[in-house]
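Engineer: Next come the chains, spelled out residue by residue.
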Amino acid sequence: MTCTRRIFLKRSALLGSAAMILPGLRAAMAAPGASPRKLVLIDLRGGNDGLNMVVPYGVNGGAYYTEFRPTLNVASGSVLQVGGGCGLNPTMTALKSQFDAGRLAVIPGVSYPDPSFSHEVATDVWATGSLSYDFSEGWLARSLDQFAVPTFPSALDVDESVTSVLRGRDAFVPSFTSISQMKYPTDSSHPEDKVARRVAYQAIASGLVSGVGATATMSTTIGGMLGLIDTLQSIPQYAYVGTYPDHWFAKQMKMVARLLNANLGLDVYHVMLGGWDTHSDQELDGYHSLRLGILSDTIGAFYADLVNLGIDDDTVIVVYSEFGRTVYQNGSNGTDHGTVNPVFVLGGAVNGGLIVPHPAMDPGALDEHGELTRSVDFRDVFGTIADRWLGANVAQVFPGHTYGAMNFLP
Amino acid sequence: MSITWDAANAAHLLRRAGFVATQKAVAVAVKKGQGKTVAALFKRDKKQDKLPKGGIEGVDRLRTHWVKKMLSTKSPLVEKMTLLLHNHFATAISKVGSTTYMLEHVQMLRKGCFGSFRDLVTNVSKDVAMLIWLDNKTNVDGNPNENYARELMELFTTGVLDENGAPNYTETDVQESARAFTGWGTTWHDDREWFKFKDWDHDYGSKTFRGVTGNLDGTDVIENLVTDEATARRLAMKLWSYFAYDVGVDAPELDALAEAYLANDTRIQPMLVAMFTSDAFYGDAAKGTHVKGPIEWTVNALLLTKTKVNKNDDVELGYLPTDLGQEPFNPPSVFGWDEGLAWVGVGGLLGRARAAQEIAGAREKDGSIQFEPRKLLGSPKKFKKFTPEQTLDQVLAQLGSMVIAATTRSALLAYLAPAVGETFVLDDETIDTKVRGLVALLLSSPEFQVH
Numbered sequence: 001m002t003c004t005r006r007i008f009l010k011r012s013a014l015l016g017s018a019a020m021i022l023p024g025l026r027a028a029m030a031a032p033g034a035s036p037r038k039l040v041l042i043d044l045r046g047g048n049d050g051l052n053m054v055v056p057y058g059v060n061g062g063a064y065y066t067e068f069r070p071t072l073n074v075a076s077g078s079v080l081q082v083g084g085g086c087g088l089n090p091t092m093t094a095l096k097s098q099f100d101a102g103r104l105a106v107i108p109g110v111s112y113p114d115p116s117f118s119h120e121v122a123t124d125v126w127a128t129g130s131l132s133y134d135f136s137e138g139w140l141a142r143s144l145d146q147f148a149v150p151t152f153p154s155a156l157d158v159d160e161s162v163t164s165v166l167r168g169r170d171a172f173v174p175s176f177t178s179i180s181q182m183k184y185p186t187d188s189s190h191p192e193d194k195v196a197r198r199v200a201y202q203a204i205a206s207g208l209v210s211g212v213g214a215t216a217t218m219s220t221t222i223g224g225m226l227g228l229i230d231t232l233q234s235i236p237q238y239a240y241v242g243t244y245p246d247h248w249f250a251k252q253m254k255m256v257a258r259l260l261n262a263n264l265g266l267d268v269y270h271v272m273l274g275g276w277d278t279h280s281d282q283e284l285d286g287y288h289s290l291r292l293g294i295l296s297d298t299i300g301a302f303y304a305d306l307v308n309l310g311i312d313d314d315t316v317i318v319v320y321s322e323f324g325r326t327v328y329q330n331g332s333n334g335t336d337h338g339t340v341n342p343v344f345v346l347g348g349a350v351n352g353g354l355i356v357p358h359p360a361m362d363p364g365a366l367d368e369h370g371e372l373t374r375s376v377d378f379r380d381v382f383g384t385i386a387d388r389w390l391g392a393n394v395a396q397v398f399p400g401h402t403y404g405a406m407n408f409l410p
Numbered sequence: 001m002s003i004t005w006d007a008a009n010a011a012h013l014l015r016r017a018g019f020v021a022t023q024k025a026v027a028v029a030v031k032k033g034q035g036k037t038v039a040a041l042f043k044r045d046k047k048q049d050k051l052p053k054g055g056i057e058g059v060d061r062l063r064t065h066w067v068k069k070m071l072s073t074k075s076p077l078v079e080k081m082t083l084l085l086h087n088h089f090a091t092a093i094s095k096v097g098s099t100t101y102m103l104e105h106v107q108m109l110r111k112g113c114f115g116s117f118r119d120l121v122t123n124v125s126k127d128v129a130m131l132i133w134l135d136n137k138t139n140v141d142g143n144p145n146e147n148y149a150r151e152l153m154e155l156f157t158t159g160v161l162d163e164n165g166a167p168n169y170t171e172t173d174v175q176e177s178a179r180a181f182t183g184w185g186t187t188w189h190d191d192r193e194w195f196k197f198k199d200w201d202h203d204y205g206s207k208t209f210r211g212v213t214g215n216l217d218g219t220d221v222i223e224n225l226v227t228d229e230a231t232a233r234r235l236a237m238k239l240w241s242y243f244a245y246d247v248g249v250d251a252p253e254l255d256a257l258a259e260a261y262l263a264n265d266t267r268i269q270p271m272l273v274a275m276f277t278s279d280a281f282y283g284d285a286a287k288g289t290h291v292k293g294p295i296e297w298t299v300n301a302l303l304l305t306k307t308k309v310n311k312n313d314d315v316e317l318g319y320l321p322t323d324l325g326q327e328p329f330n331p332p333s334v335f336g337w338d339e340g341l342a343w344v345g346v347g348g349l350l351g352r353a354r355a356a357q358e359i360a361g362a363r364e365k366d367g368s369i370q371f372e373p374r375k376l377l378g379s380p381k382k383f384k385k386f387t388p389e390q391t392l393d394q395v396l397a398q399l400g401s402m403v404i405a406a407t408t409r410s411a412l413l414a415y416l417a418p419a420v421g422e423t424f425v426l427d428d429e430t431i432d433t434k435v436r437g438l439v440a441l442l443l444s445s446p447e448f449q450v451h
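These protein sequence lines map, in sequence, to chains A and B. Under our numbering, read the first sequence as residues 1 to 410, first letter to last. Under our numbering, read the second sequence as residues 1 to 451, first letter to last.
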């Protein structure tokens with residue numbers, strides 16, 4: 001997608017308010033002597049079918065669910081009850097255990113006023129927190145920018161480049177998807193030239209870093225990247241205790257666990273899992289349910305590693321998607337773009353449970369498009385993370401939004 | 001027109017409308033003049049417009065086939081436009097699953113890349129790959145699937161918002177358009193799918209689409225959309241952002257392009273001519289500001305380094321851009337690839353450093369590619385006496401008259417400098433170590449990532 005002008009809009013909303021610089025994130029986020037707080041965002045890109053993830057059989061109008069979903073419904077007897085008339089997809093046993101242990105907050109019906117049905121717009125709204133393209137940085141970037149710039153990167157986008165919640169950060173944000181990839185290449189025929197080559201590469205970058213435009217941006221990235229390469233070269237292997245599924249998403253979460261074990265100061269992560277845009281054959285060979293199972297099993301395994309590392313109380317995991325899917329299934333055994341969606345928040349410090357009632361399913365309660373109505377604004381969910389977990393000032397993270405803190409975090 | 005048609009402007013046009021600007025090509029273009037140079041861009045290379053008989057099997061062969069086409073074409077603008085349209089109508093083999101349909105899809109874009117946008121959108125709407133990709137083959141009366149109808153407006157034509165930020169369509173328009181496209185499906189014969197309009201699956205009821213009511217068909221929807229000014233501006237924005245520099249739909253630079261589109265019955269070529277002959281295209285905002293995408297980078301690097309591509313390799317070459325994050329025929333989603341700085345995060349830059357080494361260190365005769373540093377150095381008689389400065393200048397000139405910062409120059413000269421007490425001689429050993437190293441460093445330098 002070609003960039004449009006909003007990418008270049010500077011954050012006028014923020015420059016006006018003399019943003020106070022808080023002490024370093026690690027200091028601000030942790031009680032004296034405790035391990036710094038960690039945050040892992042899992043971004044289900046493509047629009048996950050939330051109705052088949054948190055199935056609302058018992059809510060007002062829940063009986064319509066099977067009518068709306070004649071071939072795609074999850075059998076009522078199979079769902080994993082979480083109260084309030086809702087149950088998790090039967091593949092999500094790992095997350096159900098977390099729910100039963102009181103560590104998983106299930107927040108159904110999350111969206112924003114007049115939600116967009118476009119992937120691009122909705123993804124942008126959730127990433128930036130702006131409903132009208134007012135700023136180009138991600139909300140997490142705006143949260144972290146309130147703290148002193150760290151000497152070592154504090155946030156990682158587990159992706160090829162920084163395009164989502166962390167984009168536009170003042171400090172360097174690395175992006176990579178595997179540690180083994182993080183090596184400066186050498187000419188195997190001339191190992192003796194290795195050092196000279198790298199010295200020159202670094203010198204080229206340092207020469208351009210104070211310039212302007214794309215070459216300066218790249219040079220900043222190269223500088224940060226070479227430092228990171230040096231650090232990562234010596235990070236310890238980690239013996240995982242969690243049982244992860246065989247899937248690339250699991251590999252990425254394992255990498256996060258290994259980086260957390262190394263305790264580098266890299267405490268904030270954005271991880272993506274795509275494949276949710278199920279316009280047709282959503283349940284062919286159990287596709288969507290299996291994907292939910294991979295998500296759940298991976299998080300379950302990752303949590304076991306957090307416990308093993310003794311940082312389960314210091315870590316919060318958030319799972320979200322840019323929109324839900326249509327209440328009515330379409331003619332292709334799939335679902336089209338919808339509105340609200342559940343958000344999951346998991347962690348030792350989280351107050352678990354079904355946080356708000358699921359939106360009513362009664363046809364009379366649906367909106368003018370025949371979609372579910374919102375229970376919670378996503379800016380209150382992310383705002384609570386920024387406020388109660390990171391210690392940031394929410395007024396600067398979501399300017400113009402009247403923030404109401406939620407109680408899934410103390 | 002107030003620009004001076006000099007080497008700098010000619011080189012700028014050749015780099016953007018094609019892949020590289022060699023010194024020779026620039027000299028020819030300067031002599032020819034701006035008008036004739038622009039006109040020549042549209043001459044098609046008939047050989048390159050042909051597809052291999054019997055199709056191509058395997059995704060690795062498919063992408064290698066296209067990269068080779070880009071390297072050898074005499075009309076690089078055709079390939080650049082095909083690439084742009086592939087990103088615009090982003091369709092991927094990940095879901096389509098057939099190299100035949102994907103090859104036909106891209107060939108349709110290639111053939112229509114200068115012609116009427118109406119024809120292009122019509123062909124796209126009947127394209128088997130697209131019918132699978134956005135599910136319209138399962139869009140039927142009484143049970144519509146709105147995936148294609150939505151992206152047709154959001155991504156392929158008007159876009160969500162107009163230049164003043166007002167919505168170009170409503171949710172109801174999406175639903176009504178989906179009804180209009182019911183029955184645009186596929187049929188199976190001769191061991192494959194073909195486009196077929198299935199009247200039994202078509203909704204012949206009355207529909208209201210963007211204020212027009214009637215028994216509308218997909219063709220009516222397409223006509224309504226492609227003749228809309230919002231489509232003209234959005235397509236203009238795509239062209240301008242790709243060939244010149246990033247703009248929004250409200251940018252005044254786009255006025256002439258949008259006018260050319262509307263005045264020429266939605267034809268793309270007049271838009272391109274308007275762009276390549278506008279002063280702003282040659283302004284400071286345009287020069288040296290475009291971050292090369294991985295496919296562009298690959299073609300650019302291979303051509304400028306005069307790297308030999310193995311005739312017998314029909315598999316490996318396509319991995320170069322793929323490893324850098326851009327797999328031809330397989331964009332990550334219907335939004336295509338993020339352009340610009342999104343290419344050059346940590347993963348992207350490190351990937352380019354690796355690919356630069358892969359090219360600079362390609363010594364094997366029977367490998368997929370082979371790079372010979374002497375091809376850049378010129379006559380041995382001369383280069384035997386080169387100083388580090390002369391070596392650097394010679395290589396820079398060969399790499400499309402590449403311009404580097406003074407600090408980069410010092411860093412590279414320090415790299416080339418011989419050990420204390422030794423003298424710099426371009427002997428076999430130095431060429432194999434330092435000239436290859438120099439090329440690897442240049443290809444991975446921030447300066448080479450833009451043009």
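Errors might be hidden in some of the hints.
Stated by the list, open to error - Selected chain B positions facing chain A (in silico; Cβ < 8 Å):
1. Gly35
2. Ala39
3. Ala40
4. Arg150
5. Glu316
6. Gly325
7. Asp338
8. Leu341
9. Gln357
10. Thr433
11. Pro446
To be verified - When the alpha-carbon atoms are kept at most 16 Å apart in a straight line, the in silico EDC-like pairs for lysine to aspartate or glutamate are as follows:
12. A:Lys194 to B:Asp432
13. B:Lys375 to B:Asp432
14. A:Lys183 to B:Glu171
15. A:Lys194 to B:Glu358
16. A:Lys183 to B:Glu339
17. B:Lys238 to B:Glu358
18. B:Lys95 to B:Glu163
19. B:Lys238 to B:Glu163
20. B:Lys95 to A:Asp362
To be clear, the hints were calculated from the coordinates, so they are not data collected in a lab. Remember, predicted model here, so these are calculated numbers, not experimental data. Heads up, the beta-carbon is just placed ideally off N, CA and C, and yes, glycines get one too.
Engineer: For each hint, tell me whether it holds in the structure or not.
Structural biologist: Against the structure, the hints:
1. Gly35: Gly35 (chain B) check fails; min Cβ-Cβ to chain A is 28 Å, beyond 8 Å.
2. Ala39: Because about 26 Å separates Ala39 (chain B) from the closest Cβ in chain A, which is outside the 8 Å limit, the hint is violated.
3. Ala40: violated (26 Å)
4. Arg150: Given a least distance of 7 Å, the restraint on Arg150 (chain B) holds.
5. Glu316: violated (18 Å)
6. Gly325: holds (5 Å)
7. Asp338: holds (6 Å)
8. Leu341: holds (6 Å)
9. Gln357: holds (4 Å)
10. Thr433: holds (5 Å)
11. Pro446: holds (4 Å)
12. A:Lys194 to B:Asp432: Given pair Lys194 (chain A), Asp432 (chain B) holds - Cα atoms ~14 Å apart, limit 16 Å.
13. B:Lys375 to B:Asp432: Judged against 16 Å, a Cα distance of about 13 Å means the pair holds.
14. A:Lys183 to B:Glu171: Violated, at roughly 48 Å.
15. A:Lys194 to B:Glu358: Holds. Lys194 (chain A) to Glu358 (chain B) sits at ~15 Å (cutoff 16 Å).
16. A:Lys183 to B:Glu339: With Cα atoms ~25 Å apart, Lys183 (chain A) and Glu339 (chain B) exceed 16 Å; violated.
17. B:Lys238 to B:Glu358: Not OK: Lys238 (chain B) and Glu358 (chain B) at ~32 Å, beyond 16 Å, violated.
18. B:Lys95 to B:Glu163: Given that 16 Å is the threshold and the Cα spacing comes to 33 Å, the pair is violated.
19. B:Lys238 to B:Glu163: Measuring from Cα to Cα gives roughly 14 Å; hence the hint holds.
20. B:Lys95 to A:Asp362: violated (35 Å)
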